[in-house]
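Number of protein chains: 2
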Amino acid sequence: MGQERTYKRRPIGVFDSGVGGLTVVRALRAVVPGEDIIYLGDTARVPYGSKSPRTVERYSLACLQFLLDREVKLVLVACNTVSATALPALAAASAVPVIGAVDPGAQRALAATHNRHIGVIGTLATVRSGAYVQAIAAHDAGARVTAAACPLLVPLAEEGWTDDEIAWLVARRYLGPLFAADPQIDTLVLGCTHYPLLRDVLGRVAHELAAHDVAVVDSATAMAEAAHHVLGSGPNRRGEPGRLDCFATDTSRLDELAPRFLGESPTGFALVDL
Amino acid sequence: MGQERTYKRRPIGVFDSGVGGLTVVRALRAVVPGEDIIYLGDTARVPYGSKSPRTVERYSLACLQFLLDREVKLVLVACNTVSATALPALAAASAVPVIGAVDPGAQRALAATHNRHIGVIGTLATVRSGAYVQAIAAHDAGARVTAAACPLLVPLAEEGWTDDEIAWLVARRYLGPLFAADPQIDTLVLGCTHYPLLRDVLGRVAHELAAHDVAVVDSATAMAEAAHHVLGSGPNRRGEPGRLDCFATDTSRLDELAPRFLGESPTGFALVDL
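Chains as they are written, first to last, in our numbering: chain D, 1 to 274; chain S, 275 to 548.
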């Protein structure tokens with residue numbers, strides 16, 4: 001009993017190269033609201049996407065260690081770049097389960113699609129890595145996956161321009177060629193932590209282009225559900241909401257950005273040096 | 275005579291955190307076409323804007339050394355972030371003159387303005403550094419400077435979406451508040467190496483918002499002119515165009531991006547590890 005209570009009380013750790021991973025925290029707080037969460041954003045070294053796999057692995061191992069030192073019972077790797085390049089190294093270095101962003105999104109897409117035509121959008125680094133294509137193929141070699149990189153969506157989300165003329169035009173510009181390449185796409189994976197902020201416009205433009213229903217799968221929600229699954233009967237079900245402690249390696253612009261991704265104002269970020 | 279010819283024949287070095295600095299190379303080839311140029315883009319570690327000043331200084335000193343090892347006679351620091359944070363350290367470490375991006379742009383803006391109302395646009399890091407405001411004030415304490423960060427302009431330029439509906443809407447969204455803050459602005463400084471690609475749309479939107487003429491000053495052209503000035507009677511005036519050698523620390527997407535910024539296709543990038 002004492003052991004079980006101790007496990008329940010240990011926090012869940014989430015890390016990302018920046019603030020985008022707060023969309024995962026938001027999803028986690030909806031799915032397992034009683035859990036305590038420790039969030040780490042490596043905002044001084046963001047973005048990881050342009051760095052070499054060796055550097056990404058080194059930085060993300062430091063993030064993992066920071067969370068392990070705080071006795072987390074589970075680690076969610078919100079960063080798609082890390083998930084695509086360093087997950088085996090992280091899993092090998094961790095005594096607790098490590099959940100990446102790619103596989104939960106891939107599995108959720110396969111559960112949602114009726115015709116196995118899946119579209120994936122993400123950053124240049126994520127699309128170039130082929131991680132989603134491989135993860136989907138690992139579960140269903142017959143699924144057809146079409147991917148598109150959408151570099152403007154991250155700054156759009158960070159500016160908060162998520163439901164206006166510019167967002168609509170940019171969404172059409174990116175999704176147009178995707179649906180032209182495979183008009184049968186019935187499931188769209190948002191393969192970047194920033195994209196849930198643009199979920200509404202992306203979903204509506206996808207529907208408009210496809211002229212049929214398109215399920216939108218975001219990896220943040222998929223990761224939260226995977227975490228719930230891993231916790232099994234273990235989630236902390238106390239009545240009050242869990243505690244959220246946020247850490248970052250650089251605090252500039254966090255006050256402006258964090259509430260957009262979290263959907264509420266965090267109580268503040270503590271500055272840490274990794 | 276031998277000494278002078280040797281000086282003339284030595285190349286000019288240009289470095290940037292990425293490919294944007296090729297707009298400086300383009301301006302340089304227009305102003306001093308006979309000069310040989312060595313370009314270095316630290317594309318593996320781009321962007322510098324989110325890194326600590328200490329890291330920016332360390333990386334840029336490595337870029338400088340790379341160019342000095344190739345016996346350049348002059349170094350142009352195309353990166354605004356480096357210019358704003360590490361120029362004194364670079365100048366101290368260099369036996370040849372070092373020209374930054376900020377001061378030439380500031381001086382050119384002061385030469386262009388009739389009423390000393392100047393607008394500056396740049397990345398978040400550049401605007402936050404206050405570098406242009408300080409550089410303009412150092413030459414004319416009575417000039418009024420209004421600055422705005424425009425995060426979407428870099429990805430717009432990289433996507434090549436420089437003259438369409440999205441570019442126009444984004445330009446209006448950013449320049450609207452700038453001209454609302456100071457309707458008398460008669461000179462607009464493009465304080466980022468990427469922005470010359472959007473010069474046309476930015477100039478036309480500025481004119482439309484101000485309802486009077488607005489001079490557009492880009493730091494790339496200002497730097498090329500500063501280089502011409504430093505060379506004095508020294509520029510290589512041979513009839514044929516000078517040689518351009520390009521180096522980068524990561525070559526992904528260079529084939530697509532480099533021609534947009536250079537205005538021609540470079541003969542190729544050599545991969546280097548700094």
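One or more of the hints may lead you astray.
[What the hints assert, rightly or not] Simulated coverage check for chain D against chain S, where a stretch passes if three residues somewhere in it have a Cβ under 8 angstroms from a Cβ of chain S: (1) 164-177; (2) 213-225.
[Stated by the list, open to error] Ranges between beta-carbon positions, derived for each pair: (3) D474(S) x E240(D): 54 to 64 angstroms; (4) Y7(D) x R446(S): 33 to 43 angstroms; (5) H139(D) x Q408(S): 35 to 45 angstroms; (6) D474(S) x R243(D): 34 to 44 angstroms.
No wet-lab data here; the hints were simulated from the structure. Ideal placement from N, C-alpha and C gives every residue a C-beta, glycine not left out.
Range hint 34 to 44 angstroms: satisfied by the CB atoms of D474(S) and R243(D)?
violated, 52 angstroms
Take the C-beta atom of D474(S) and the C-beta atom of E240(D), compute their distance, and say whether it sits inside 54 to 64 angstroms.
holds, 57 angstroms
Tell me if the beta carbons of H139(D) and Q408(S) are separated by a distance inside 35 to 45 angstroms.
Violated, at about 56 angstroms.
Coverage assertion for the segment 164-177 of chain D with respect to chain S, Cβ distance below 8 angstroms, three residues required
holds (count 5)
In this structure, is the beta-carbon distance linking Y7(D) and R446(S) contained in 33 to 43 angstroms?
violated, 55 angstroms
Given coverage of the segment 213-225 of chain D by chain S, checked by CB-CB distance under 8 angstroms (3 or more):
That given contact is violated, which follows from only 0 residues of the segment 213-225 of chain D lying within Cβ reach (below 8 angstroms) of chain S.
Hint violations for this structure: numbers 2, 4, 5 and 6, all remaining hints satisfied.
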